[in-house]
Structure formats: structure tokens, C-alpha cells
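Novice: Residue strings, one per chain:
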Amino acid sequence: MNCEEFQNVAADLARDQKRTLMDAGARAAAQAHVADCQNCAQELLDQINLSEGFRGLAQHMKSWQAPAALEAQVLASFRNQKRMGAGTSQPQSRRYWAVAAAAALLLVVFGLWGMWMRRSQGTSPPQALAVNDSKSAPAPDAKLPGSEQVVVAPLPTAPVQVVAPKNVAPRRYRSSPNRLTAKLYKPTPLVPSLTDPPMFVETVEIATAFVPVGYGSALDLQDGGQLVRVELPRFALARFGLPMNMDRADETIKADVLLGADGLARAIRFVK
Amino acid sequence: MTHVIAGSMHAGLRMKAQSDPSDSELLQAMLAGDEAALATLYRRRQGGIYRFAVQMSGSPGFAEDVTQEVFMALMRDSSSYDPARGPLNWFLLGMARNLMRQRLGRERFYTSLSDEPGDGTGAMIDAASDPLTELARTETIAEVRRAVLSLPQRYREVVVLCELQELSYAEAATVLDCAVGTVRSRLHRARAMLLKKMRSARSEDKAAQTVKTARCFA
Numbered sequence: 550m551n552c553e554e555f556q557n558v559a560a561d562l563a564r565d566q567k568r569t570l571m572d573a574g575a576r577a578a579a580q581a582h583v584a585d586c587q588n589c590a591q592e593l594l595d596q597i598n599l600s601e602g603f604r605g606l607a608q609h610m611k612s613w614q615a616p617a618a619l620e621a622q623v624l625a626s627f628r629n630q631k632r633m634g635a636g637t638s639q640p641q642s643r644r645y646w647a648v649a650a651a652a653a654l655l656l657v658v659f660g661l662w663g664m665w666m667r668r669s670q671g672t673s674p675p676q677a678l679a680v681n682d683s684k685s686a687p688a689p690d691a692k693l694p695g696s697e698q699v700v701v702a703p704l705p706t707a708p709v710q711v712v713a714p715k716n717v718a719p720r721r722y723r724s725s726p727n728r729l730t731a732k733l734y735k736p737t738p739l740v741p742s743l744t745d746p747p748m749f750v751e752t753v754e755i756a757t758a759f760v761p762v763g764y765g766s767a768l769d770l771q772d773g774g775q776l777v778r779v780e781l782p783r784f785a786l787a788r789f790g791l792p793m794n795m796d797r798a799d800e801t802i803k804a805d806v807l808l809g810a811d812g813l814a815r816a817i818r819f820v821k
Numbered sequence: 020m021t022h023v024i025a026g027s028m029h030a031g032l033r034m035k036a037q038s039d040p041s042d043s044e045l046l047q048a049m050l051a052g053d054e055a056a057l058a059t060l061y062r063r064r065q066g067g068i069y070r071f072a073v074q075m076s077g078s079p080g081f082a083e084d085v086t087q088e089v090f091m092a093l094m095r096d097s098s099s100y101d102p103a104r105g106p107l108n109w110f111l112l113g114m115a116r117n118l119m120r121q122r123l124g125r126e127r128f129y130t131s132l133s134d135e136p137g138d139g140t141g142a143m144i145d146a147a148s149d150p151l152t153e154l155a156r157t158e159t160i161a162e163v164r165r166a167v168l169s170l171p172q173r174y175r176e177v178v179v180l181c182e183l184q185e186l187s188y189a190e191a192a193t194v195l196d197c198a199v200g201t202v203r204s205r206l207h208r209a210r211a212m213l214l215k216k217m218r219s220a221r222s223e224d225k226a227a228q229t230v231k232t233a234r235c236f237a
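The listed protein sequences derive, respectively, from chains U and L. Just so you know, we're using the numbering used here here: the first sequence kicks off at 550 and counts up by one. Just so you know, we're using the numbering used here here: the second sequence kicks off at 20 and counts up by one.
Here chain U stands alone, though its shape is the one from the complex (with noise of 0.2 angstroms):
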């Protein structure tokens, strides 16, 4: 046996023979090497006199109790929990884990819950946007509201202007109007990005310029305002100055209304 060997078994020699896994072999040589190195005579000295160390404090310690008054806190918790009939109810791990399944359930119907609220209180006014709102509908034509260019803005006489609307997001028509509706009170960008193929051509929604409508003034948009879709005959478009097919005539064609405070209309615009 060598000086890194004896290492590993210095603890085991030093400690009672019968709680150690050391076999009398082992003990033999390291018995043997201790007679001829100094320096593992030395640890195994350290090593014995820590094992004495031990036994007076265990011995110091042996006749160490817990108060008297323990026991009886004990025997009346006892008496209580019997008197509780905790004893034949569940475990109380069992107990826990059925709180926190009943609390993670409660959580669920909870969230499901707030889900179809926020879904049915969004289709509520499927086609009705608060102007007012800059986060929950797009804005109209930037000239109509507040601007005096709006009041006095020559009707369009030329051909129908039709151009991708300058800060209106463009609308996704989906199948479900719910999705719809969510998704335009998305803050979405204001000016859609033509290199966006995939989008422009799902999305892009081509509308004439806003029409001022009957002699209310567009200021009045100030105090809040409503953009509603419609659907109007298609000579609506001649009334407006507008070209029309008059093969197509008795076909509809969808316009949005901009609606005062006051419920009255204020200007129109043409979708295709």
C-alpha cells in the first residue's frame, strides 16, 4: 500500500471496525504502511483523534432531550387532529394537490371565459368604429376632419380616383367577422407596404376619396364620429358625379358613410 492509498482508507481505519466496509486485508496494509511512513503515522493519528472528538460529543450529547413541554403540544395536537376527524379524511399532500387542481381549473373556465366576453363584445358592433378611437379604427381620409380643405374639396369630377387609401389600413376580410373585428382594432400600419405582395394583394382595399355629403361641416368629426359600411345601389355612383355601367346597374356596390355625432352623415367614399 502506498501513501494515496492509505488516503482513502485512513477515515475507514480510524473509525469503529464495525460500521466501516473495510476488510481485515486492508487493514492489515494499511496497518503495515503506517510502521513505515511517518507522515500517514501522523494522519492516521489526526484521523483517531477526530474519531475520539466525535464520540465525546456524541456522548456529551446522549442524554440531550426535547423539552417536556414538546410532548405534551404534541399529544394535544394529536388530540385535536382526532377530534377534527383529520385522521380518516385525506391526506393532507392529497388535499393540496386536489386545492391546486381545483385552482388551476377555476383558472381555465376563467380565462375561457374572459376569451368569448372580449370575442362576443367585439362582434357586437361588427361594422361600427369609433373615429375618435386613433387605436381602435383607422383613420379616415387625414383631410376630412378638422381640415378646411375637407369643407371645400371639389367633388371628383374626374374619372373614379381609385387609389389605395393614403392612411386607412387596409382591411382583411376574413370569414368570420370575429376575426375581422379583432383585427382592426389592431394597431396595424397606416400605409401599406406595396413590396408586401402576399399582403397587398389579400388586403388592399381600393376606395374613392372621401365625398362631402349634404352642408354639415366636417368639423364637427371633432367630437367623435362613426365610419359605417353600407351597401348602396350602384347608380348611387351617379348621384355622386361618379362614372357608372349601366349593365351593372342593379347591382350593389359597398360605400362607407361617415356619420357625426349627431348621426347624420358627413361624407361617403366608394370600396371596390
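Warning: the hint list may mix true and false statements.
Stated by the list, open to error - Where chain L lies over chain U, by a calculated footprint (3+ residues, C-beta under 8 angstroms):
| hint | region |
| --- | --- |
| 1 | 779-793 |
| 2 | 805-816 |
Said to hold, decoys possible - Across the chosen pairs, the derived CB separations fall in these ranges:
| hint | chain 1 | residue 1 | chain 2 | residue 2 | range |
| --- | --- | --- | --- | --- | --- |
| 3 | U | Lys631 | L | Glu223 | 17 to 23 angstroms |
| 4 | U | Ala651 | L | Asp39 | 42 to 48 angstroms |
| 5 | L | Asp39 | U | Gln556 | 54 to 60 angstroms |
| 6 | U | Ala651 | L | Arg208 | 29 to 35 angstroms |
| 7 | L | Pro102 | U | Ser612 | 28 to 34 angstroms |
| 8 | L | Arg104 | U | Trp665 | 46 to 52 angstroms |
| 9 | U | Leu654 | L | Arg95 | 32 to 38 angstroms |
| 10 | U | Leu655 | L | Leu50 | 32 to 38 angstroms |
| 11 | U | Leu654 | L | Arg173 | 21 to 27 angstroms |
| 12 | U | Leu654 | L | Asp101 | 46 to 52 angstroms |
| 13 | U | Lys631 | L | Arg62 | 15 to 21 angstroms |
Said to hold, decoys possible - Away from chain U, derived, C-beta distances all over 12 angstroms, residues of chain L:
| hint | residue |
| --- | --- |
| 14 | Ser43 |
| 15 | Glu44 |
| 16 | Tyr69 |
| 17 | Asp84 |
| 18 | Gly113 |
| 19 | Pro171 |
| 20 | Gln184 |
| 21 | Arg208 |
| 22 | Arg218 |
Quick caveat, the hints were computed from the structure, so don't treat them as lab data. What you are looking at is a predicted structure, and each value in this text was computed from that prediction instead of being measured. Cβ atoms here follow ideal geometry from the backbone N, Cα and C, with glycine treated the same way.
With chain U's structure known, arrange chain L on it following the hints.
Specialist: Chain L alone, transformed into the frame defined by chain U:
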């Protein structure tokens, strides 16, 4: 005649079982609502748990809490005890160890026992023996206790179980729920750390004495 002898032997065994029931029998009786069984079990096992907790934490107050919590947990849920894995005492020590790991992780207080009131170290000095020898022994015990308390927890628990509670490697491995080799290697490492600490403390003491002497001569 044979029947009489057999009957008296059976009665004797029954009497022995009644006078000295095993931990498992006491546990079953306790779960059936027998308060006396709990009292007997508590008196039998509280000392080991309390000492283990004191040796691990260094705080008698903390050890009282742990002892109480162990028996409360046993009352609430003893279904996790498997007699095939070992005696109830090891199970209780394992519970105490887990409770302490949770609480020591939160509170992190290690109090030297020599600072506690009612430590009893002084009471160890026997008037009949040599006072100097006893004083040295008492100092050694206090030094060992301080060194044990300064160990990291995973090394401290193997020292407490194997050296102070005098469990074998296999028994300690059951309590700690680890392999026997792990217990052995941790114990060896812990002993090496303790020796290093105690050697350095002694060398510091010697150095302090040398300085004092030099000042004296100066």
C-alpha cells in the same frame, strides 16, 4: 402438559409485545387513534430526532420545531413510510433531514452551541477527575462541534449520522436516500475538511501565543 407450556409461552410473548411493542405496532395503534401509543413512540424517538436537529443546526429552538414538525407530519400522513425500506427511526430521521433542508435553506442560521444557554458543556467537568484533563476534553468537544457546524450541509449530515448518531454507511444511505458509496465518499471528504479546519485553528492559536510571548519579552 404441552398445551399448557405452549399457552404460557404464547401469553408470555403477548405480554412482551404489549410491554415493549415495536415502532411499527405503535404507529399502527397511533393511526387507529391510540394516544398512549403516540406518547410511547414520541418518548422513544424524540431524543434521536432532537439531537440530530441540534447537531445539524446548532440551535436547540430550531431543533424543537423540527422535532414537533416531524411528529405532526407523521400524524398527518404516514402513508409514505414503507417498513420494507427500514425501521421507523430512519424514516423519522429522513423526515427531519428534509424539513431541515427546507428550513435551513430559507433561514441559514448556524449558531454555535457554545453560545446557547443551557449548553451543558460546563456540566461535563467531573469533579472526581482531573480538572485540566476535563477542560481539555471539553474544549476539544466544543472545537469539534464548531467545526461540524461549519461544514456544508451535505457533508454535515453524513458526519452527524455516521459519527454522532453512529449509523453505518448503509443505514445513513437509507436515511439520506443515496448510495452507500456516496455516503462513504462524503464522509471521507468531510473528515478531511474537518482536519484541515482544526489544524489551521490550532496553528493560529500557536501563532497568537507566540506573539503574546514576544510582546511579553519586549
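Novice: Hint by hint, say whether it matches the structure.
Specialist: Verification of the hints:
no., hint, in the structure
1, 779-793, "violated (count 0)"
2, 805-816, "violated (count 0)"
3, U:Lys631 x L:Glu223: 17 to 23 angstroms, "violated, 57 angstroms"
4, U:Ala651 x L:Asp39: 42 to 48 angstroms, "holds, 46 angstroms"
5, L:Asp39 x U:Gln556: 54 to 60 angstroms, "violated, 45 angstroms"
6, U:Ala651 x L:Arg208: 29 to 35 angstroms, "violated, 47 angstroms"
7, L:Pro102 x U:Ser612: 28 to 34 angstroms, "holds, 29 angstroms"
8, L:Arg104 x U:Trp665: 46 to 52 angstroms, "holds, 51 angstroms"
9, U:Leu654 x L:Arg95: 32 to 38 angstroms, "violated, 25 angstroms"
10, U:Leu655 x L:Leu50: 32 to 38 angstroms, "holds, 34 angstroms"
11, U:Leu654 x L:Arg173: 21 to 27 angstroms, "violated, 39 angstroms"
12, U:Leu654 x L:Asp101: 46 to 52 angstroms, "violated, 32 angstroms"
13, U:Lys631 x L:Arg62: 15 to 21 angstroms, "holds, 19 angstroms"
14, Ser43, "holds, 18 angstroms"
15, Glu44, "holds, 17 angstroms"
16, Tyr69, "violated, 4 angstroms"
17, Asp84, "violated, 9 angstroms"
18, Gly113, "holds, 16 angstroms"
19, Pro171, "holds, 17 angstroms"
20, Gln184, "violated, 8 angstroms"
21, Arg208, "violated, 9 angstroms"
22, Arg218, "violated, 8 angstroms"
The structure is inconsistent with the numbered hints 1, 2, 3, 5, 6, 9, 11, 12, 16, 17, 20, 21, 22, although it conforms to all the rest.
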